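Asker: If you read the protein sequences in the order shown, they are chains A and B. Each residue of the first sequence is one higher than the last, beginning at 5 in our numbering. Each residue of the second sequence is one higher than the last, beginning at 5 in our numbering.
Read the hints as simulated data drawn from the structure, not as lab findings. Note that the coordinates shown come from a computational prediction; the quantities given were computed from them, not determined experimentally. No incorrect hints appear here.
The list cannot tell twin chains apart, which means a pair is met if one copy fits it or any two copies do.
Cut-off 25 Å, straight-line C-alpha distance, at most; resulting in silico cross-link-like pairs (PhoX-like, lysine-lysine):
1) K104 - K27
2) K96 - K30
3) K148 - K125
4) K148 - K311
5) K292 - K27
6) K202 - K214
Protein chains: 2
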Amino acid sequence: MIVAIDIGGTHMRAASYSQDEVKPVKYQRIRTLASEPGGFERLIGVIEEVWPQGETVSAIGIGSPGPLDPHTGFLLAPPNNPQFHNFPLAPKLAEHFGVKAFLDNDANLAGLAEYRFGAGKGHHHVLYLTVSTGVGGGVIADDKLLQGHHGLAAELGHIIVDPNGPLCNCGFAGHLEAYSSGPAISKYVLGELESGVKSSMKRDVNLSAKDIAEAAHQGDELAIKAFQRAGEYLGIGVASMLHSFDPSIVIFGGGVSQVGNLLFDSFHKSLKERVFHPRYLDGLVITKAQLGDDAGLLGARALAEMKLSL
Amino acid sequence: MIVAIDIGGTHMRAASYSQDEVKPVKYQRIRTLASEPGGFERLIGVIEEVWPQGETVSAIGIGSPGPLDPHTGFLLAPPNNPQFHNFPLAPKLAEHFGVKAFLDNDANLAGLAEYRFGAGKGHHHVLYLTVSTGVGGGVIADDKLLQGHHGLAAELGHIIVDPNGPLCNCGFAGHLEAYSSGPAISKYVLGELESGVKSSMKRDVNLSAKDIAEAAHQGDELAIKAFQRAGEYLGIGVASMLHSFDPSIVIFGGGVSQVGNLLFDSFHKSLKERVFHPRYLDGLVITKAQLGDDAGLLGARALAEMKLSL
Numbered sequence: 005m006i007v008a009i010d011i012g013g014t015h016m017r018a019a020s021y022s023q024d025e026v027k028p029v030k031y032q033r034i035r036t037l038a039s040e041p042g043g044f045e046r047l048i049g050v051i052e053e054v055w056p057q058g059e060t061v062s063a064i065g066i067g068s069p070g071p072l073d074p075h076t077g078f079l080l081a082p083p084n085n086p087q088f089h090n091f092p093l094a095p096k097l098a099e100h101f102g103v104k105a106f107l108d109n110d111a112n113l114a115g116l117a118e119y120r121f122g123a124g125k126g127h128h129h130v131l132y133l134t135v136s137t138g139v140g141g142g143v144i145a146d147d148k149l150l151q152g153h154h155g156l157a158a159e160l161g162h163i164i165v166d167p168n169g170p171l172c173n174c175g176f177a178g179h180l181e182a183y184s185s186g187p188a189i190s191k192y193v194l195g196e197l198e199s200g201v202k203s204s205m206k207r208d209v210n211l212s213a214k215d216i217a218e219a220a221h222q223g224d225e226l227a228i229k230a231f232q233r234a235g236e237y238l239g240i241g242v243a244s245m246l247h248s249f250d251p252s253i254v255i256f257g258g259g260v261s262q263v264g265n266l267l268f269d270s271f272h273k274s275l276k277e278r279v280f281h282p283r284y285l286d287g288l289v290i291t292k293a294q295l296g297d298d299a300g301l302l303g304a305r306a307l308a309e310m311k312l313s314l
Numbered sequence: 005m006i007v008a009i010d011i012g013g014t015h016m017r018a019a020s021y022s023q024d025e026v027k028p029v030k031y032q033r034i035r036t037l038a039s040e041p042g043g044f045e046r047l048i049g050v051i052e053e054v055w056p057q058g059e060t061v062s063a064i065g066i067g068s069p070g071p072l073d074p075h076t077g078f079l080l081a082p083p084n085n086p087q088f089h090n091f092p093l094a095p096k097l098a099e100h101f102g103v104k105a106f107l108d109n110d111a112n113l114a115g116l117a118e119y120r121f122g123a124g125k126g127h128h129h130v131l132y133l134t135v136s137t138g139v140g141g142g143v144i145a146d147d148k149l150l151q152g153h154h155g156l157a158a159e160l161g162h163i164i165v166d167p168n169g170p171l172c173n174c175g176f177a178g179h180l181e182a183y184s185s186g187p188a189i190s191k192y193v194l195g196e197l198e199s200g201v202k203s204s205m206k207r208d209v210n211l212s213a214k215d216i217a218e219a220a221h222q223g224d225e226l227a228i229k230a231f232q233r234a235g236e237y238l239g240i241g242v243a244s245m246l247h248s249f250d251p252s253i254v255i256f257g258g259g260v261s262q263v264g265n266l267l268f269d270s271f272h273k274s275l276k277e278r279v280f281h282p283r284y285l286d287g288l289v290i291t292k293a294q295l296g297d298d299a300g301l302l303g304a305r306a307l308a309e310m311k312l313s314l
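Generate coordinates for the entire structure from the input sequences, incorporating the hints supplied.
Answerer: So, in structure tokens, the structure goes:
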């Protein structure tokens, strides 16, 4: 059996899986409470709750926001969770439970989960993108998760789509995330409102991508344009990704990707205009993620199974 | 033994290799004569000349300019070689010689050769870039050549570095090749001369990157700026490639990369400014290709060995 853990900003989830079942044998979810000490002890507790009695656990798989090092199992600087900064999570769990433990970041693992159990089943070359408060990527090339030398491959929100573009959350200019993430869409709208563009939306620092989507559905031109722009740059970024990875499927997860045509009409148009050879689009599937909140757990499980079979 | 073939614009090379030797047992080179009929027959002839007598050949490895399909072994539309358009090269050679035959494009194979026999030896994650009349890429991820679903992965000259940038040879806007290839550097200089920028260089459609490098070494400011610009965009492109592939080594081949500091001073500056997390640069080796004209042959050989061992 495999024990899987998903450490999110608000919840820690744990589950145990037997080999041929997608459904967990046991499942638990607790609040992360990142600002309170004792995070590692809470994590141990929730793992013990799902630990299968009288069965052999082969490995623990762990998903967490990055940056982290999948090769050493260290968390480096997970956002909003200072008690896990530079923390040897996988080695500590391996020692505590006496089994191997494997770690990777949430976007890589969501991609791996979709490849194994979701929209990407049967594909050998998968590009997964989550478009949410950030833009994250996961790539499966020839049935293998692309991790890279430092474990920092597929940071696809940070490819440069315009070297003179707006600043990304990470502080660098012109990244895809600075155009197509939820906060980037809000920032664009606020900037346009500030420069006097007319709209039904009010200048409010809390204006969310969801609010803007609602305004767009009411016909607000600025709101519509904001999503079109996000989709256009998403198409530019994905064109470069096709030229880099040549997948047979592109899978979109994350909240912003739920808005549908508002984002994807301009995405498809832009992608078609930017792909430099028609063969890239030959049979290419572009679709939504199928796994919901449990993608992280299933990805952590798939990581453990993948590492054990190497 | 392995028989390797490299089909270039001016020469076709063939060689036979025994398992543990980098030096070929036999080697032949003939002119490609792409405009004359009988290309396939000439190729058969040169292969027969290097075919080892009384030894078992396990496979033929073939390198050619793309686009091509490594999965089916078809050449699709090699530039300047119309007799090989949509030509089933690998299947035809396999049938003729009674052994397996494997095909991939020249940049992928030069990357594979550097990984196996050259600058990339001992690395598991390699990014190879050739900067020449075009910009081509080859990626080894976790000791495997990245080919992609259609065999079109790592077309890294065609990643978009500025969506509003100049047109690439392929007809699309803002590709890396449209900034950093030899013809792109020439085109930039000619444009600047046309708009009245002062220079020791004359407006001449045949002005080559080599001519411009010479002018730069004489202190010509426009010539210096042209290479600085090419290096700056090369840094932008490679930053995105690090974020995508996270290699432990970047290897530069191709004629333009021979100009040294003229290109690489601004490249290194730009790369450092653009990489969004310092860990990507941790231990990263940036170096020149070690294999010369025989990289294509050695790559074709490595491809055959790789495919046989799968």
